[in-house]
Amino acid sequence: MGNLFAKHKVPRRAITDTDKAVLQLKTQRRQLTAQKTRVEGLIAREIAVAKELIVAKKHERALLALRKKRLREGQLELIDAYLLNVEQVLANIEAAQRQNRLYDALKQGTVALQALQKEVSLEDVEALREDTAAAGEAERHVRELLAESLSAEDDAAALQELAALEDAEEAAEAARLPAVPARPTEEAAPAAHALEREAIAELAEPAQKREAAIAPAKPPTQRGAAAPAARASPAGVGAAAPGSSTPSRQGEETKEDEEDDLDMPSVPTTRLEPSEQLRAAAAKRGRALAVEEPLAA
Amino acid sequence: MWTELILKYCKHHKEFVLSTDAAEDHPLFVRKSIDRRLNQEARVHILNELVLQGAGRWLDAGQRRCLVLWRPLAGWADAIYGWARGAGLEDSVTTVDELSSGDEVAGTELEGLPRELVIAALQELEARGKARLFKGSSADDEGVKFFA
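Heads up: the protein sequence lines correspond to chains Y and U, in order.
Numbering follows our numbering, in which position 279 of the first sequence is assigned residue number 279; successive positions increment by one, without gaps.
Numbering follows our numbering, in which position 2 of the second sequence is assigned residue number 2; successive positions increment by one, without gaps.
Heads up, a few of these hints could be off.
[As the list claims (entries may be wrong)] Heads up, incomplete: computed chain Y residues facing chain U, CB under 10 Å, no partners named:
id, residue
1, 14
2, 18
3, 19
4, 20
5, 24
6, 26
7, 28
8, 29
9, 30
10, 94
11, 97
[What the hints assert, rightly or not] Not close to chain Y: a few residues of chain U, all C-beta gaps over 10 Å, as computed:
id, residue
12, 11
13, 24
14, 113
Since the hints were derived computationally from the structure, they do not count as laboratory data.
Being a predicted model, the structure only gives us computed values, none of them experimental.
By construction, the Cβ of each residue, glycine as well, lies at the ideal position given by its N, Cα and C atoms.
Could you put the whole structure together from the sequences, leaning on the hints where they help?
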């Protein structure tokens with residue numbers, strides 16, 4: 001490359017005929033421009049002279065001055081045409097030079113490309129490709145062998161280990177979870193809801209009393225007068241949320257209001273014991289609370 | 001002290017050539033308020049000092065005109081070459097006049113440079129192998145070709 005560059009250097013630094021032609025043209029351009037300036041000055045002077053002569057009533061001489069002015073104007077037009085011509089030739093030369101240099105550059109680029117391509121022959125590439133394929137094949141073979149040995153000896157052990165790990169994980173999982181409560185009421189309601197439990201205990205007490213009170217009253221309720229009321233109430237019970245203060249219409253107005261809540265469901269669902277009802281309601285409440293504050297315990 | 005003053009003054013006013021002609025009332029050498037002026041010998045002496053410092057160059061053997069180089073010649077050479085590269089003029093020809101008064105240098109720092117300074121700077125570039133001064137036929141202007 002260095003050699004190539006050096007070879008070009010010598011003619012490049014020399015002044016060529018083209019350079020001389022360009023210089024000549026540029027000189028002409030400068031001279032024409034200077035001439036143009038001079039002629040423009042002359043025209044201005046002729047105009048001034050003509051004006052003076054008109055003022056001095058020397059009409060013939062004024063006419064002469066104006067004729068000279070016309071002559072100069074023609075000269076100016078010519079100069080402009082020449083200048084344009086010179087500029088055009090200069091531009092053409094520049095474009096041609098640019099083209100030549102571009103061609104040279106492209107040619108050199110092609111040569112360089114070819115040289116690079118020559119460095120890597122097609123046979124070499126093919127050989128390389130075969131080598132790569134062979135190497136890939138060998139690698140695959142080795143991997144297969146290794147995989148075989150692994151499956152034969154270690155697979156069973158690995159499976160065992162996996163099972164053991166899974167068991168351990170399950171055990172750990174079970175240990176982490178709280179034991180499933182047999183009666184969700186007491187266990188699910190966490191210690192934080194002591195107040196709630198107190199309330200339940202309070203409610204449970206009268207409920208037990210009432211159990212005793214209702215027991216003799218129950219048979220007539222089941223069989224006779226209270227039956228229509230009992231028929232009507234399930235809808236009301238279903239709609240009423242546990243703990244809501246829907247007053248009971250089962251003829252048990254003798255009880256206090258707080259008891260009404262609780263024993264209200266007990267009447268229609270005759271199969272359930274009131275205490276059981278109470279517990280279910282409490283459990284529902286407890287669960288709702290447990291959802292609000294999950295696993296607080 | 002004088003040389004420093006001259007360099008600063010010329011840089012500020014973008015002047016390049018000083019004359020030692022005592023008839024010229026250059027403000028550097030004339031103090032009108034006290035009506036005192038340096039005579040020619042004193043001016044030559046001062047400018048000689050400048051030339052010895054490398055910041056000036058006599059333009060004639062009679063030491064009547066002196067080029068003041070408030071920017072080193074190499075700096076001007078760089079400026080010219082930089083302009084030529086910026087204008088895409090490597091490997092092409094311009095005239096010396098174009099470098100200081102052509103349309104293409106209008107508005108650049110090269111505008112209005114004295115011809116002597118341009119030639120000197122181009123000679124500097126020639127020494128570096130970056131340009132070549134040449135002349136076509138005898139009627140032609142001086143041309144310069146820049147190299148990449």
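Right, here's what the structure says about each hint:
1. For residue 14 of chain Y, the interface hint holds, the least distance from its beta-carbon to any beta-carbon of chain U being 8 Å, beneath 10 Å.
2. Hint on residue 18 of chain Y holds. Least Cβ distance to chain U is approximately 8 Å, under the 10 Å limit.
3. Interface restraint check: residue 19 of chain Y against chain U, minimum CB-CB distance 5 Å, threshold 10 Å, status holds.
4. A distance limit of 10 Å between C-beta atoms decides the matter here; for residue 20 of chain Y the minimum to chain U is near 4 Å, and the interface restraint holds.
5. The beta carbon of residue 24 of chain Y is positioned within 10 Å of a beta carbon in chain U (closest approach about 5 Å), and the interface hint is therefore held.
6. Restraint check, residue 26 of chain Y versus chain U: the minimum CB separation of about 5 Å is within 10 Å; hint holds.
7. Taking 10 Å as the C-beta cut-off, the interface hint given for residue 28 of chain Y holds, the closest approach to chain U being about 9 Å.
8. Interface restraint check: residue 29 of chain Y against chain U, minimum CB-CB distance 9 Å, threshold 10 Å, status holds.
9. Look at residue 30 of chain Y: its Cβ gets to within about 6 Å of chain U, closer than 10 Å, so that hint holds up.
10. Annotation: interface hint on residue 94 of chain Y holds; nearest CB of chain U at approximately 7 Å, less than 10 Å.
11. Taken as an interface hint, residue 97 of chain Y checks out: its beta carbon lies about 7 Å from the nearest beta carbon of chain U, inside 10 Å.
12. Remark: the non-interface label on residue 11 of chain U is consistent with the geometry, its nearest Cβ contact in chain Y lying 30 Å away (cut-off 10 Å).
13. With a closest Cβ-Cβ approach of about 27 Å to chain Y, residue 24 of chain U is found to remain outside the 10 Å limit, as its non-interface label requires.
14. Residue 113 of chain U, annotated as away from the interface, keeps every beta carbon of chain Y farther than 10 Å; the closest lies near 16 Å.
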